[in-house]
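Undergrad: Protein chains in written order, with numbering that gives the first Met the number 0: chain V, 0 to 683; chain H, 0 to 476.
Hints may contain errors.
Which residues of chain V face chain H? A few of them, derived with a C-beta cut under 10 Å, are [as the list claims (entries may be wrong)]:
# : residue
1 : V26
2 : K29
3 : N30
4 : T237
5 : M670
6 : F681
Read the hints as simulated data drawn from the structure, not as lab findings. Glycine is no exception: its CB is placed at the ideal position from the N, C-alpha and C atoms.
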Amino acid sequence: MVEPVYATLIWGVPYLGAGILGILYVVGVKNEKVYGIFSALTLLTAAILATIVGVDVLRTGHPVLHQFKWIQSINVSVSTYIDGLSAIMVILVSWLSFLIGVYSIEYMKGDWGVPRYFFFFTFFVGSMLLVVSANNLLLLFIGWEGTGLASYALIGHWYTDEEEYWVGVPGRKAMGTPMYFEPSHSGLRAILFTRVGDIGMLIGMAIMYMLTGSLSITEIATKAPSWMAWLASHHVLTLTLILFTLGALAKSAQFPFHEWLVTAMTGPTPVSALIHAATMVKAGIYLVLRFAPIFYYGAINSPAPLHAVVVHDTYQFFTLVAGLGAVTAFMLGTMALVSNEFKLILAFSTASQIGYMFLAAGAAGMLVTEVNNVGFAMGVLAGLSHLMSHAVFKAALFLISGWALHVAHSRFIDKMGNYAKYMKWTALSMWLAGLSLMGIPPLSGFFSKELTLHAAEEAHFGWGFILGALAALLTAGYTTRLIVRVFHMPPYEEPEHEPHEAPILMLGPYLILALAALAIGIAWGPMTHVLAKAGQLTRAGALVLKVPPSDLMIHITSTVATILGGAIAVILFVWYLYKIANVNFRAILARSALAKATYDFLFDRWYINAIIYILLVYGFAGFAAALAGVDFGIDWFYHVGLLAFFGASSFALRALHRGRPDYILSMYLYMAGIVLLLAYLFWR
Amino acid sequence: MSLATAGVIEGLLYGALAAGLLVPLTPRERSRPALALAWIGVLLYSAASALTLAYTLSHGPLELYSRLVIYDRFAAFMASIAGLAAILALLSIGSQAAEWPSHPAYYSLLPIILFGVYMITGAANAVMVLAVWLLVSVASYVVIALPGDAESRAAAVRYILMGAIATLFLAFWVAVHAVATSSVALAPPRTDMFDFSLYPQASIGALAITLFLAALGFKLGVVPFHWWLPNVYARADGRAVSVVAGVAKVGFIAVTARLIYYAASPANAKALALLLAGLAVVTMTYGNIAALTTRDLQAILAYSSIAHIGYILTALAAVAYLKGYAGATAAEAALAAIAIHTLAYATSKSPLFAAIGAKPEPGFRSLRGLLRTSPGAALAVAVLLLSLLGVPPLVGFWGKLYMFMAAIKYSIPLVAIALVNSGISAVYYVIAIRELAAPEEPVEAPPASVVATLTAAALIVLVVGLAAPYLYSLIIP
């Protein structure tokens, strides 16, 4: 057993480090190297702590709990709980953070915002580690919002909004809305899009607290059968679960919240790698993986009279999650096909791949109707394994893109080409990570992706499976296109700079990650044991996350063979189109209206951004303008209308007065007569 | 006991009257003898009213002059308020009136008016009302004219002209009253008021009451009989207005309340209450709205006097209604509320008018920037204005509270209108208070007597405010 306090230190150390970085800045330390090195050391410490605790948990089979009292009145303590799922997550997050932190030292060299960058970077890591290790929802939510804040700040890192930091083609519009985004605008989008989901999450949390009297995840898990039954008896179980999961859907950029992630690419590339590929966007799927066993456990153990209703509602919820995942996987895959920005292709791919994870977790949950515990466990762990392998290879791809953009002095792949000639090691990393993304054995991506599709198949989720399989072909297509265009073909537009190999501090991290993607794949057999054990050690997992490791191995079935064969065929086809047939896609677009319309549809992201802007952003702006009009009316009423009315009345009444004695005398007499008449009238 | 007390009180009142009458014999070039005599008169009157109050509180109603004057607790309380207001007025003016061309008339008329106020406050006979009316009215006209400047004389002329007509209305009322009741007495033969109605006959009763209200409404400033009031209150010298608005008016409020109380019966309560409520609404709305746009403190005080009579009419409507439908006790509670409110009214208006009139340039800008030149006086003025507005715990708050609580038993819409009016009044009171703190061209510090009076009045308003619930319970028999 390790010291329990290590568990709290895993996230405490990066927070402390961020605090010290802030103080260093305030006291006026100018040397940027201090910030980078200090941050990296902090992250290394956290990584070592995470490894010690995580390995201990997985080895001994005893989760580690460390807590101290915080808010007595609502029964909240600062409580860190490292169970199987958390153990995997903290190890993954902390080491990725460290590697990307090291890369950042080189990448951010000479930037004008280095202290700010490393402050938020370190703060982000603390928040992310808090999310995956918190034992109660309040603490989790604090970490959750911390990651959102850091994401906002880092997306807008270059908030002076020079054109080179934009996303999208300057001047391009879809349905009248601009399709190019400045860093400051993108940061705002990110925080607003995710905030929509967070509101739902808060409501869900509040409902759970109301029904269980606690925010402790353990307690919510234990009491799941009863509170889920109560909600089902009031016909709001599905709604509550969806509300709670909205936060996760938004955080993980699932349709229809995916738009923020696309434009988050305005941030520095290491930020894209860490926050918008490897970790923060995984917080959403982490939450789903964390709560899927709880909901599943609650549903199958719900009290008899309501059992059928609870199971039905839970099934509905999981179907929606799986469906959204499948749609996202397919939709974002199509967008990646035509994009002309290196990082944007990777961003589409990220949302698409996270879609697989939601598909797996949701499909697993759909098995609640069959009480297929092994199938459920397989699906949830499929989601976790794809999370893990994707985090590794996508981080590598983003780090490579950082170097590629740096070399080309452009974000557009049109200005990149033939990089394989100039940078062998980078090309090797690119191919390893790319093949992993495409799901080619023996790389890790193959195993995890096949597992997720297997989960959808197991749940008899037909159209979800088909969308997922199509997305696998799309993945092979856009990834090959990217690699071929950047590494094996001359650039479309002549670059101004001569490419060369990356410096070791940058090459090192992505080469390590690419090799890790290979290593994890080769060692998939032992990995299945680790995953199976992690599942059992997770809350509610001892009951519903039991699966023999062999079920997490990929057996070559006709389905697997078909998908793999399709992916390889697509790779070869794309290679053929570009390298052998030399198809001129630009000429086709210029000639064919249909091709151009399809291209525009995909390039402008299915017009979803435009629709969101027109309906919601401009809609609310119009609503706000209308309210402002009402407000102006109220203002006018109080400050002008009322004043004018009373002022005029006042002057009129005083004007009734004349100093002339004959006037006041006759008024007196007339009025006395009138009053007398009235008095007579009323006395009757 | 009653006879002995009556003798002492009558003796004190004669003393006050004598002091007033002796003033013209003092040398014109000196102010002190006249001022001393005026003080003697005011204090003798105050002693008489205090004694009356003490007697009614312990022994019940006090009859004087073979039931021409009958004092109950309400009347005794009102008479005492007039004494307090007179003390404040005299304290404030000090020897200033000696500079007027008419000196020493002011010092003579103040005790004479008080003598009249005592008689009219307790008047239980129609002829007595007419007689004392004449005394107080003539004295009031003269007081307004005393300062001798053109504005004051012009105001006095209008006051006299209107007053002449009002006196005719009052005389007419005496005649109708005599015909209707075959008597000139106001009070019933017995002292208990149950089932008593002054005017059992409907139509002649309506005529009597309208005539009475037309006359007394002129004195009080009830819209639409108020036509003289803005001219006199807002234009004449504030020191003279202080006597008319703060002292004499108390007696007229008392006699009006008494007549309404006597006249109301189950047969006419509804009509009478409706008439009074109608007058209340137009009066307070008129006063408040007209005050909104004026930026002259004296004009604000003039219009707010009208508004305050409107609030009192609200309670009077309740008196009429409750006397007819809920019995004498409930009606007397409403009367007690009127007494508390009159206390608030008189203790604020008397010193405020006196303070304004003391300025070389009366009216506009009269108190601007006072906070810098005389912070104590400014604070006191603010307290008095806030009491008029009805801010707790000042006495003005309790007056409105008790009056509106009584009126709510009669009509909720009426109270709602009164509350809205009270809210509107906040605008001009606050503007006036803000003026006190205005940074530019502050006025000179007022004379010490004015500052002392304002401070004393503010303290009274505050202390009495804290004790108001106790006073209220005292007045209810």
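Undergrad: Of the hints given before, which are not true for this structure?
TA: 1, 2, 3 and 4
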